[in-house]
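Novice: Listed here are the chains, written in short residue letters.
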Amino acid sequence: MPVVTLYFNRLQKLLGKKTSQEKIIFTLPFIGLDIEEQTKDHISVEYSPNRPDYSTDYGIASGLQGLLGIKTGMPKLKIKKGKYSIRVDPSVRKIRPFITSLVAKNGKLDDETIRQIITMQEDLHNGIGRRRKKTSIGIHDLDKIKFPLTYTTVDRGYKFVPLTSSSEISISEILQNTDVGTKYGNILGNSQKVPIILDSAGNTISFPPIINSNLTTISKNTQNLLVEITAIDKNAAEDTLAIVANALQDAGFAIYSTKISGANNSTPLLNSRKIVLGVDLVNKTLGLDLSSSTIVSSLRKSRLDAKSQGNKIMCTIPKYRTDILGIMDLVEEVALGYGIQNLEPTMPQSVSAGQKNKITKALDSMSAIMVGLGYFEAMNFSLVSKEVQYDLTKKNSSKMISVIDSKSQGHTILRDTILPGLIDTLSRNIHETYPQKLFETGVVFSKGSNEIKEEIHLACVCAYNDVSFSEVKSILQSVFKTGFGLQCTTQMTSDTMFSEGRAANIVINNKIVGVIGEISPEVIDNFKLRIPVAGFEAKLTGLIFD
Amino acid sequence: MSQVLHPIEHKIIKTLKQTPDITHEEIAKNAQLAIDQVRRGLEWLKYKNLIEIHESEVFFVSLGKNGKEALEKGLPERKLVNYLAKHRVCTFEGARAALLESEFNAAISNARQNGWIEITKSQNTNIISLKDDTTKSSEEELLSILVNRTPVSEIKNKSALEFLKKRPDFIMLDSIKTTVVNLTSQGLETATKLSETVGERKLTTEMLTSGKWKESPLAPIDVEATAAEVFAARSHPLQDVINEVREIFASLGFAEISGNLAQSSFWNFDALFTPQDHPAREMQDTFYLKDTSANKVATPNQIAKVSESHKKGWHYNWKLEEAKRMVLRTHTTCVTIRHLAYNNPDEARIFSVGRVFRNEKVSYKHLVEFNQVEGVVVGKNVTLRDLMGLQREFYYKMGLKKVKFWPTFFPYTEPSLQSMVYNEKLGKWVELFGMGIFRPEVTKPLGITNPVLAWGGGIERIAMLKFALGDVRELYNNDLGWLRSVPKCP
Chain A
121 MPVVTLYFNR LQKLLGKKTS QEKIIFTLPF IGLDIEEQTK DHISVEYSPN RPDYSTDYGI
181 ASGLQGLLGI KTGMPKLKIK KGKYSIRVDP SVRKIRPFIT SLVAKNGKLD DETIRQIITM
241 QEDLHNGIGR RRKKTSIGIH DLDKIKFPLT YTTVDRGYKF VPLTSSSEIS ISEILQNTDV
301 GTKYGNILGN SQKVPIILDS AGNTISFPPI INSNLTTISK NTQNLLVEIT AIDKNAAEDT
361 LAIVANALQD AGFAIYSTKI SGANNSTPLL NSRKIVLGVD LVNKTLGLDL SSSTIVSSLR
421 KSRLDAKSQG NKIMCTIPKY RTDILGIMDL VEEVALGYGI QNLEPTMPQS VSAGQKNKIT
481 KALDSMSAIM VGLGYFEAMN FSLVSKEVQY DLTKKNSSKM ISVIDSKSQG HTILRDTILP
541 GLIDTLSRNI HETYPQKLFE TGVVFSKGSN EIKEEIHLAC VCAYNDVSFS EVKSILQSVF
601 KTGFGLQCTT QMTSDTMFSE GRAANIVINN KIVGVIGEIS PEVIDNFKLR IPVAGFEAKL
661 TGLIFD
Chain B
3 MSQVLHPIEH KIIKTLKQTP DITHEEIAKN AQLAIDQVRR GLEWLKYKNL IEIHESEVFF
63 VSLGKNGKEA LEKGLPERKL VNYLAKHRVC TFEGARAALL ESEFNAAISN ARQNGWIEIT
123 KSQNTNIISL KDDTTKSSEE ELLSILVNRT PVSEIKNKSA LEFLKKRPDF IMLDSIKTTV
183 VNLTSQGLET ATKLSETVGE RKLTTEMLTS GKWKESPLAP IDVEATAAEV FAARSHPLQD
243 VINEVREIFA SLGFAEISGN LAQSSFWNFD ALFTPQDHPA REMQDTFYLK DTSANKVATP
303 NQIAKVSESH KKGWHYNWKL EEAKRMVLRT HTTCVTIRHL AYNNPDEARI FSVGRVFRNE
363 KVSYKHLVEF NQVEGVVVGK NVTLRDLMGL QREFYYKMGL KKVKFWPTFF PYTEPSLQSM
423 VYNEKLGKWV ELFGMGIFRP EVTKPLGITN PVLAWGGGIE RIAMLKFALG DVRELYNNDL
483 GWLRSVPKCP
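As they're listed, the protein sequences go chains A and B. Our numbering applies: residue 121 is where the first sequence begins, and numbers increase by one. Our numbering applies: residue 3 is where the second sequence begins, and numbers increase by one.
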């Protein structure tokens, strides 16, 4: 989850009222922020991806003001009409069809403000922007730009001076040779044309969603900003713009509109929404008996506007609150504004008798019997390595089930039997006293015609100098007889994992349900074991439960 | 230290009292014990500080070339005696002719020393005459003993040995190093107090049926001695925690459900209102199965309604193909929602426990596969406060008494909370289960009308607290050293 760093002195200034550090630290979790790190002068908090407005200390200060009662109700976004415009060329339609924008003027950028804005931009790119695929943001020095702008496309041979560069580079070179180019270039696919923003002097402003031009780089001396957001989704673009607009307004900028036209694009309105909330629903969901006025004040503490109208609450939600999809989100806002710590837990009446299910109960019995026979329970993973499952055991891997792009080498395929894992367990315990007796129950996987079949198996291994086929056969017989009243027999078979002439199929009710035997010296050696091993594996699904 | 001795110890001490400084083999021979018993007994006695074992060099004597020849043909003095036996008397010249030149001096001097001959002088000639007694000399006796390699310590006539040693090439000496055993001063003290009768070691069926037990009492044993370690087999500690969680759920009136580990994306994500471009669905977080896709993910109605909910809520073009991709479930919620969608209960308390998967790098904090528990309450009048109450009750039964709640976010619940419990051992608040009420965007399309309270989380975290582990991987190492030593009830 994304992290924001909050400096206490800055945050206290933003809150606008003297508030102790202790009070801030106590309150942060109650607006949904997890404290990651705390030092003398700052604190790092994690915010949930549904609250991108918490990607700056401005947004967090606004949330804290509400819950602390310093400022309540919806923060008003004031947009003055600007004389700026962007014309959209229809050629962007197939690549990145939407652009939205605003201008922020007469602000002051210090180091920390710039850091907050860049962090916000990064977080918005990764979250709502889906790693720049859905939306991407460009922030520019307004004074370097000659309006009107054009959002259009150019060929990959087009050249300009990108951010942090001193010479012209072609689009193709940017995509091949720069970090951002290789990281985000795939968003543009194989398209010959790529999106570009040009000003009326013919200067390149930005190559979205990859990189800005060097011309419009912002610095501490920049006072006026142009924000442009390109997107494949118009809603997402305007949501993002609203978040940026509110943050910049809180940072002391005056916000001006940018007129956008052409190719199904339009000037963003960033208007608030209205949702009607029932008093009953709030009380029924939270288990409270709140009056309309308490609900209204709670919503206002969550920085929303609300008015009661009989049994209903008329709520106004600012554009930047992208997390609010419907009425239940508003119920949560009431709970947060009311204070989660003020909710006293209650116990609902139980209507039913609880129980474990049949499979669990059968496995519990199985475990008790194996333990009674002197076997320790092992727990291994079901996502295992091919080496252990097939290579070292010499098993046929033709029906192997793999996962795509595992990050861990030891976890790339689904097990189809449990025994290899148990033998591997023995190999990791060679320094421990023998005899070693282990069992495991668990899910194994096999491929049906197309679907994946899941069954539960029991397997055990016994390792010490005098172990023999007959010893594990005694265990096998005892388990099924004592546990489930089942008689089992063994029929000679051949299996790569076991010694020739010392392997048998396990037969119960005239059906082969598993295999038993002495592990072959070759397999034992493959696992670097120096002790004889015998064991068995039996399918329980269809035998002691369905 | 107890002075009760095992019969083996008893026998060894008696033997050592008689003959100190002897080897294991000698003890075995003298005490009539098997060599294994001697070894074991000595081990115990050493531990009790009654004996000491030290290295010693044992010297052996055997015959050299001349010794062997002498044994066959006799010593020079015997040859002289044999010659005299035929001639009665002879002159030096006569004897000299009968013997080898090199033997002559030794023969005369030794035969005279042995008292076998007498030498008289007659007319400038020495006459040798045989005496009556010519019995075997001690040197001759020693020669016949030395046919076999013999320890020096067993040779009684040391002067005979010294005598033979002086003769060239008669005797060979060699030695080997060996460990010998001796009683310590404490051992000697014990030996003097040793009673003569040992008593019966073991009560047998034979003794009981014959009544022999009446005459011979059982020997006391060293009840304070250390005993060999045995390991009580047990279920896996993590399984114990899982079972404890199950018991608590059952006691709170919850019925257990279970489901597959491999699920379609439809139930793992789409049915839970997770948009198809959501970061959590990306391959770097979720395990997708190669070359498989679900044939039939849900009923046509369920598919249509879920698709509609996504289009309305997230404004994008929902694709069935994407929903058909098979994943290793990332949470147990897919089992819950599927159960609710097909059974549609008005009232229910259900729970499930099982493995879930995340495509992460394994570390001390993260596993790719772990256990999750999830509980769900469906009811017309259930509330967020009820959900909090159920949590508190659950933790109380787990022995966690201090609980608090903070808001949080989950894509499929609203409102959502997380619970923090105070861990006494660590002295700090630890995040445990998450919870919330299923969003209408989740329940409505699947025909679920009553509110659904849901909560759950990882079980390994609880197990780590319980067994004081700092690395979650330890739970799956199956280290027998740990399994054999970790208490069942910590």
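Do not rely on the hints blindly, as some may be mistaken.
Unchecked claim - Using 30 Å as the maximum straight-line C-alpha spacing, the simulated DSS-like pairs for lysine-lysine come out as follows: (1) A:K198 with A:K340; (2) A:K427 with B:K292; (3) A:K514 with B:K292; (4) B:K313 with A:K439; (5) A:K340 with A:K506.
Because the hints were derived from the structure by calculation, they are not lab data. Computed from a predicted model, the values in this text were never measured in an experiment.
Novice: Give a verdict on every hint.
Specialist: How the hints compare with the structure:
Between the alpha carbons of A:K198 and A:K340 the distance comes to roughly 24 Å, so the proposed pair stays at or under 30 Å and holds. Between the alpha carbons of A:K427 and B:K292 the distance comes to roughly 54 Å, so the proposed pair goes past 30 Å and is violated. Between A:K514 and B:K292, the direct Cα distance comes to roughly 23 Å. Compliance with the 30 Å bound is thereby established for this hinted pair. Taking the CA atoms of B:K313 and A:K439, the gap is about 20 Å. The hint holds against a cut of 30 Å.
At most 30 Å may separate the alpha-carbon atoms for a hinted pair to count; A:K340 and A:K506 exceed this at roughly 56 Å.
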